[in-house]
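If you read the protein sequences in the order shown, they are chains A and L.
Letter by letter, the first sequence follows residues 17 to 127 of our numbering.
Letter by letter, the second sequence follows residues 6 to 119 of our numbering.
Honestly, the hints are just simulated from the structure, not real lab data.
Hints may be right or wrong, so weigh each one.
As the list claims (entries may be wrong) - Taking lysine-lysine pairs in the DSS-like style, the calculated list, with each CA pair at most 27 Å apart, reads: (1) L:62 <-> A:114; (2) L:16 <-> A:84; (3) A:87 <-> L:16.
What the hints assert, rightly or not - Label pairs and their in silico Cβ distance ranges: (4) A:126 <-> L:62: 41 to 51 Å; (5) A:57 <-> L:83: 36 to 46 Å; (6) L:20 <-> A:122: 39 to 49 Å; (7) A:126 <-> L:73: 45 to 55 Å; (8) L:56 <-> A:47: 11 to 21 Å; (9) L:27 <-> A:61: 45 to 55 Å.
Remember, it's a predicted structure, so these values are computed and weren't measured experimentally.
Just so it is clear, CB atoms sit at the ideal spot from N, CA and C, and this is done for glycine as well.
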Amino acid sequence: GESVGLHLPTLSVQEGDNSIINCAYSNSASDYFIWYKQESGKGPQFIIDIRSNMDKRQGQRVTVLLNKTVKHLSLQIAATQPGDSAVYFCAENIKGGKLIFGQGTELSVKP
Amino acid sequence: GAGVSQSPSNKVTEKGKDVELRCDPISGHTALYWYRQSLGQGLEFLIYFQGNSAPDKSGLPSDRFSAERTGGSVSTLTIQRTQQEDSAVYLCASSPAGSAYEQYFGPGTRLTVT
Chain A
17 GESVGLHLPT
27 LSVQEGDNSI
37 INCAYSNSAS
47 DYFIWYKQES
57 GKGPQFIIDI
67 RSNMDKRQGQ
77 RVTVLLNKTV
87 KHLSLQIAAT
97 QPGDSAVYFC
107 AENIKGGKLI
117 FGQGTELSVK
127 P
Chain L
6 GAGVSQSPSN
16 KVTEKGKDVE
26 LRCDPISGHT
36 ALYWYRQSLG
46 QGLEFLIYFQ
56 GNSAPDKSGL
66 PSDRFSAERT
76 GGSVSTLTIQ
86 RTQQEDSAVY
96 LCASSPAGSA
106 YEQYFGPGTR
116 LTVT
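Okay, chain A solo, but in the shape it has when bound (with noise of 0.2 Å):
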């Protein structure tokens, strides 16, 4: 069935240092794919997201990288700050906005 998971729960990191938070998905059908970061207590928050067509996208100090061979998606972070702190989620675009979510990596940075 439809399925976006993590390989890693948690994550700490030294700030300063590169974050890299990956996803496995299982829909080869899905066009478009993203990542949100979400604090505490509030809504997730849009990071970026690229199109099942490209194979990299680079926004500020973030970018992600799509590996359609093996299903992989992963977010790095540059120097990595600790208003990075969250979870980050990645999801997939099956059908027009339907987003399917994965379970969520929480992102400890240490100052």
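Position chain L relative to chain A; hints supplied.
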């Protein structure tokens, strides 16, 4: 402009009672979505509305759940005869035309069924 707003922020209800949760999307956004998030879990899709099209209700867990969107703007999610397993945070999101996957979320309504 304002983001997506939801009310109430918290709702405690007794098992068997009906509840209504409200969502005000971002002005001008054409699509509106409802998700449910259980403690420490990812988001579970419930329903979405796109313009004047029939809503996609494929994620609603039972016929106790229903949603309406009036005038293409405000939406209400209704849960009838609430059960303890309905306890969760209910999140609403909206997206602009042509960017259905770029969803902007509200802060959610935390529902507790006692």
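Q.
To test your reading of the hints: which numbers does this structure violate?
A. Of the numbered hints, 2, 3, 5, 6 and 9 do not hold.
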